[in-house]
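There are 2 protein chains.
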Amino acid sequence: MFQLDLKSRKSIYEQVTDNLKELIMTGILASGEKLPSVRELSKTITVNPNTVQKAYRELERQGYIYTTSGVGTFVADISQIRVDAHALERARAAFDEAFREFLFLGLSFDDAQRIALEIMEQRRLSDD
Amino acid sequence: MFQLDLKSRKSIYEQVTDNLKELIMTGILASGEKLPSVRELSKTITVNPNTVQKAYRELERQGYIYTTSGVGTFVADISQIRVDAHALERARAAFDEAFREFLFLGLSFDDAQRIALEIMEQRRLSDD
DNA sequence: CTAAGTGTACCATGCAGCATAGTACACTGT
DNA sequence: ACAGTGTACTATGCTGCATGGTACACTTAG
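Chains as they are written, first to last, in the numbering used here: chain L, 1 to 128; chain X, 1 to 128.
Treat the hints with care, since some could be wrong.
Same chains, same label: a pair holds when it works inside one copy or across any pair of copies.
Keeping only pairs whose Cα atoms sit at most 20 Å apart, straight-line, the calculated SDA-like set for lysine to any residue is [claimed, not checked]:
(1) 34 - 19
(2) 34 - 68
(3) 7 - 92
(4) 10 - 87
Think of the hints as simulated: they come from the structure by calculation, not from any bench.
Using the sequences provided together with the hints, build the complete structure.
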């Protein structure tokens, strides 16, 4: 389903959250589709069920999935996902910081922006 | 000298590192200028000397500052800072992820890119 | 030379977050 | 009834971070 990076600074449950989020937003997991159960996914990616549940809980809190007790977890209607203002503000801050990192490394502003545009263009293509 | 955010996910020594890095790369701290001593800075921002030292050690490792034992710590010649290939690769990955976060939040690609350009433009202005 | 200030290196402690293991319970569908 | 589902809880160990404290070598100012 997706890959985990144990060396990453991100915790496992965050990686699971982000990976699923990407699969949902890109439509690979369609609205209404059933996600693997907590126990099943935990076996697949060999992590603890609690860790998977933590990811699911977070995704539900953010509105990406919904749960029917005793039945399973399903992908929500992403067209209904309102853009969370606070989350957007955090994302802006993170983006600004990521961009500044180029400058800290010694790149000129123009070089940094050129790299930034490259990366975004590549993302546009790969997400189609 | 700068502000710390205790609520941040970033550790304190990382914040100190990044803040100093910014002051150096923007020229606010000039090449050759003496940095506050470990003990002095630790008092100023009320953190443990060990934490400040950790930041200084990291900055020295990355070439932003240099040390003369018994004398002090000084800002290196930033024109000599070579762009670390590994660091650049990490920065690219971080940037890509920050940008994708916009998409995950439900923004269209065009909206996301528009916001990205806004942020970069603002950065260009504030860094001059 | 002496004292103060500097970087540097340790060690011990406490804390928080994360991941794990295990158990238990309520719910649903077959 | 049973299997599968989500959910909750406790306990444990690990890691990184921050702190407090001590110690040593070095340099500069007096």
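Here is how each hint holds up against the structure:
no., hint, result
1, 34 - 19, "within (16 Å within a copy, 45 Å between copies)"
2, 34 - 68, "within (11 Å within a copy, 62 Å between copies)"
3, 7 - 92, "between (26 Å within a copy, 17 Å between copies)"
4, 10 - 87, "both (18 Å within a copy, 17 Å between copies)"
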